[in-house]
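Colleague: Spelled out, the chains give:
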Amino acid sequence: MNEQTLTPEQRAANLKGMGSSRKRVEDVRFTQGKGNYVDDIKLDGMLFGDFVRSPYAHARVVSINTEEAMKVPGVVAVLTAEDLAPLGLHWMPTLAGDKQMVLADGKVLFQGQEVAFVVAEDRYAAADAAELVEVDYEELPVVVDPFEALKSDVVLREDTVDENGNATEGAHGPRNHPNHIFTWEQGEKEATEAVLSEADVVAEEMVYYHRTHPCPLETCGSVASMDKVTGKLTLWGTFQAPHAIRTVVSLISGIAEHNIRVISPDIGGGFGNKVGAYAGYVCSVVASIVTGKPVKWVEDRMENLMSTAFARDYWMKGKIAATKDGKITGLWCHTTADHGGFDACADPTKFPAGFMNICTGSYDIPTAYLAVEGVYTNKAPGGVAYRCSFRVTEAAYFIERMIEVLAIKLNMDAAELRRINFIKKDQFPYQSALGWEYDSGDYHTAWDKALESVGYDKLRVEQAQQIEDFKAGKTRKLMGIGLTHFTEIVGAGPVKNCDILGLGMFDSCEIRIHPTGSAIARLGTISQGQGHATTFAQIIASEIGLPADDITLEEGDTDTAPYGLGTYGSRSTPVAGAATAMAARKIRAKAQMIAAYLLEVHDDDVEWDIDRFAVKGAPERFKTMKEIAFAAYNQAIPGLEPGLEAVSYYDPPNMTYPFGAYICVLDIDVDTGEADIRSFYALDDCGTRINPMIIEGQVHGGLTEALAIAMGQEIAYDEMGNVKTGTLMDFFIPTAWETPNYITDHTTTPSPHHPIGAKGVGESPNVGGVPCFSNAVHDAFRPFGLTQTHMPHDHWRIWKTANDLGLHG
Amino acid sequence: MIPAGFEYHRPSDIASAVSILQEHGDEARVIAGGHSLIPMMKLRMADMGHLIDLQDIDALKGISLMGDTVTIGAMVTQHELITSATLANAVPIIKEAALLIADPQVRYVGTVGGNVANGDPGNDMPGLMQCLNASYELSGPDGTRTVAAREFYEAAYFTARDDEEILTRIHIPVPAAGTGYAYEKQKRKIGDYATAASAVMLRVVDGVCAEASIAMTNLADTPVFAEAASAALYGRALDDAAIGDAVSAAIEATDPVADNRGPVEFKKHVASVILRRAIDRAASRAS
Ligand SMILES: Cc1cc2nc3c(=O)[nH]c(=O)nc-3n(C[C@H](O)[C@H](O)[C@H](O)COP(=O)(O)OP(=O)(O)OC[C@H]3O[C@@H](n4cnc5c(N)ncnc54)[C@H](O)[C@@H]3O)c2cc1C
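Chains as they are written, first to last, in the numbering used here: chain A, 1 to 809; chain B, 810 to 1096.
A couple of the hints might just be wrong.
What the hints assert, rightly or not - Chain A residues, not near chain B, derived (Cβ > 12 Å throughout):
hint : residue
1    : A130
2    : Q427
3    : D557
4    : V670
Said to hold, decoys possible - Straight-line distance between alpha carbons at most 20 Å, and here's what the computed SDA-like set of lysine to any residue pairs gives:
hint : chain 1 : residue 1 : chain 2 : residue 2
5    : A       : K724      : B       : K851
6    : A       : K42       : A       : R53
7    : B       : K851      : A       : L728
8    : B       : K1077     : A       : R797
As the list claims (entries may be wrong) - Where chain B lies over chain A, by a calculated footprint (3+ residues, C-beta under 8 Å):
hint : region
9    : 289-303
10   : 734-740
11   : 792-801
Because the hints were derived from the structure by calculation, they are not lab data. Owing to the predicted nature of the structure, the values given are computational and were not obtained by experimental measurement. Ideal Cβ placement from N, Cα and C applies to all residues, glycine included.
Can you make the complete structure from the sequences, with help from the hints?
Modeller: Structure, rendered in structure tokens:
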């Protein structure tokens, strides 16, 4: 068969473009152990760095003696803050406008904080020597509770108070206490309070989203290689934003940006953990400069859990007002945010609490007010967006709990309460009370489809029966039905209000078509498992009619990729995906001129048809994209430059607002506290669907993380600030055994402002999954008087709920 | 998570292993599957100059049935406990319990000898061996001796084994035909140690309990062999009252500590629930 005889459907199918469940091209390498991760990088003469970490959560560092450590054979150097200070690198800026110690400068603020960096010829020598570094600590009172911190006279950050002990102005305005970081207010305080005071019904609750950790399979690490001859620094690392890292390294080290090459090789999961800058990165760079040799640093699992970027830890006090028949009239939220010892949240500069102001969720709430108060405590810094756009999962958890709490107060079915409050299809684009413009949505359709798919009414009948049986002593199990309708805000974001360290959050794509009709595309983003090489090729395939299989995708090398802000916050598809489509369209525009020239007609007389330009009204006269590509390189076309390449930098006009309807059914063993997930239904609307199989995979993975977070995963501290969950024995990562089967479904409401209508999906299941699992647990106990309890719902907490409700007789 | 340096030894018979132990005293440790020891070494909580690998010693391998006794070599893996037809026939509770240890990866390498010798109260095999009234054969510089599992555990990581001895074999009396059994364990996830676990063996003759043996795991600093609980069942019909008495007696013998799995009161409650379930299941299997 040739191009003449294939049907249009066959030609489209051959492209494996958008809508095709094309197999992930990455997996051939990954499933055969042929990935290339940071720890796979081995360079001649490479040294290894290892940290001495603080065993205390709060202590003064009186002295550090490195003598014995230096005697260990193979040890090359032991760096302390004193060594970094002359370079101005003992502290570094954080993404949140604060600064953070690279190595302990006189004191430590959390257990696991980096105190000294041992550099040796191999890992074993480094670890042996780290044990021999003698640090003399003087313990200080520990503050682990953020509410206490705001009352305490223990000053954690002496660098942020003036000589009278008063808090100096912070990056986000005035501070009212030495341990206070910022207060961020959105919406209308007085109007909301007025609504609350006049409402028929007000439900009030403290909703705590506990501290957890992204815990990617691959931990964080870097390899720095300073070439003293060329003056060039090459830095490989687990970076979700390689270009931003290059700029930051240049700014803090003084090395000119063109002399820095940052490479993110394969990344084994990021989930927000690899957005920030860590002491290990800086120390590997300094050590390479000092020793003139490449230096590798890779943290182990315990170090990952205790020191690099936790997530959540939001205490969200909420009030929700409604009429007696359930129409919500107002929402009030005051959040106390535990940021740990340094404010190292990864948020766009103007949003110290991320997009927490999406907390009105899927509901048409006319009046709202949000205040978020950031607090220093003796815990690890972080506050990253663990598989969510900045604080969106906190917001979703908050509103989806508050809806349930309100349903209890109103004695209403929570599904119905949601339905009567959804933003209606014809209200989009919708202006929310807290300042966002939702691009598109059709919540009622999704909701009704979800309820019908799971047989919601029947489930409630079954549940009622089960409750009766329980009360009659016929069973010790309770059935919970968890509902969630979430709306995310992703794809940061418009440069006018989104930047990180002053870098606008646009993204980019450059496409080069080769003479024989294959192509390479480079993006400013970096895949960490999302399958960019698969899906972005599909966008290009559909836009320019070359098979996805003939398109190579490259990301992560700042010497070759166009500048971009990286991958997190579900921004790759909304921003870089848009750039990809726009770059492809530039190519198609030039291809149109080439085709017209070859066909000897006017530019306007050819039209695009799947993989070719054809003469209007004469479809048998055409030039395929492959032919056009060749012509671009071998014909002198009047008025056109040779070659076929394009680059696009895309500044999105708005965020995108994916949404979804999730329903979980579980059974709780009241006596042991075990919860058995019976079923989980996930309907996602992420706009245009590029690769349904990848979407399904993303949803499965995200739901499993949500299961972990809701049911057991936490970073817990004791009152001395010791991390209690520092290994995978205690930090819950579900295995295949604990993971239920998921049923996935979808509706499709394209984004009106995105070139291909796609909204992003990778984070939806985490954002929607956590409240759904948690609501199911709460729902099981609702008939027995439970309004609110805290995650994670591990065995003992569920047992305690049952016990507190008197269910153990 | 990098262990300190050590000298590696790989003897091929018991006598050589013992003599290396003797030579280096408490500077030396044997390593079997390494799935308890290596994590401790990586955490630098166990630090020894000499590691004696037992895997080349054939005399420590194999499962055999002779007369009324099953003998299991110390180096038999937990995976082999699951797949052995001999054990499945003679002492089926072993398979039921072994399936609840860790995960398949751990069980392919972890050994039964390491599990019982380790002395970690979280290990499942010690309680099981007490329930089965097994005995351990130990070889040392002074020859061989046998210690009952019920006498072996002194405190967490302290056992009756001398530093210079190697645990070579486990002998288990084959339970009488018709003995009901159950191993019940609650854990947070696959790969976790027990929140509470219990092993129950019992025989019912003419409607009354003719023999009972109950042991529990991770509810004290040693396995809990609950003699009083067994006694509470003996000679009685296995009705609610008898089982209730047995459960109370067993819980009385526990002394759990609070950890990330939960506080003491929760653990005791869960222990009572799963013990009751184990007794019920064992009773349903007794014939
Ligand atoms: C993730 C994970 C989960 C686990 N979950 C469970 C669980 O749920 N239940 C459970 O029971 N176990 C569990 N374990 C432990 C596992 O079963 C180990 O394999 C077992 O505890 C030790 O056996 P080993 O062969 O690995 O011994 P090793 O680790 O090699 O040795 C353990 C100790 O016993 C000593 N030792 C070993 N063999 C002998 C011998 N023949 N004579 C004298 N001393 C000896 C060693 O010197 C060492 O001190 C888990 C382990 C891991 C890593």
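Colleague: Failing hints, ascending?
Modeller: Those not satisfied are hints 1, 4 and 6.
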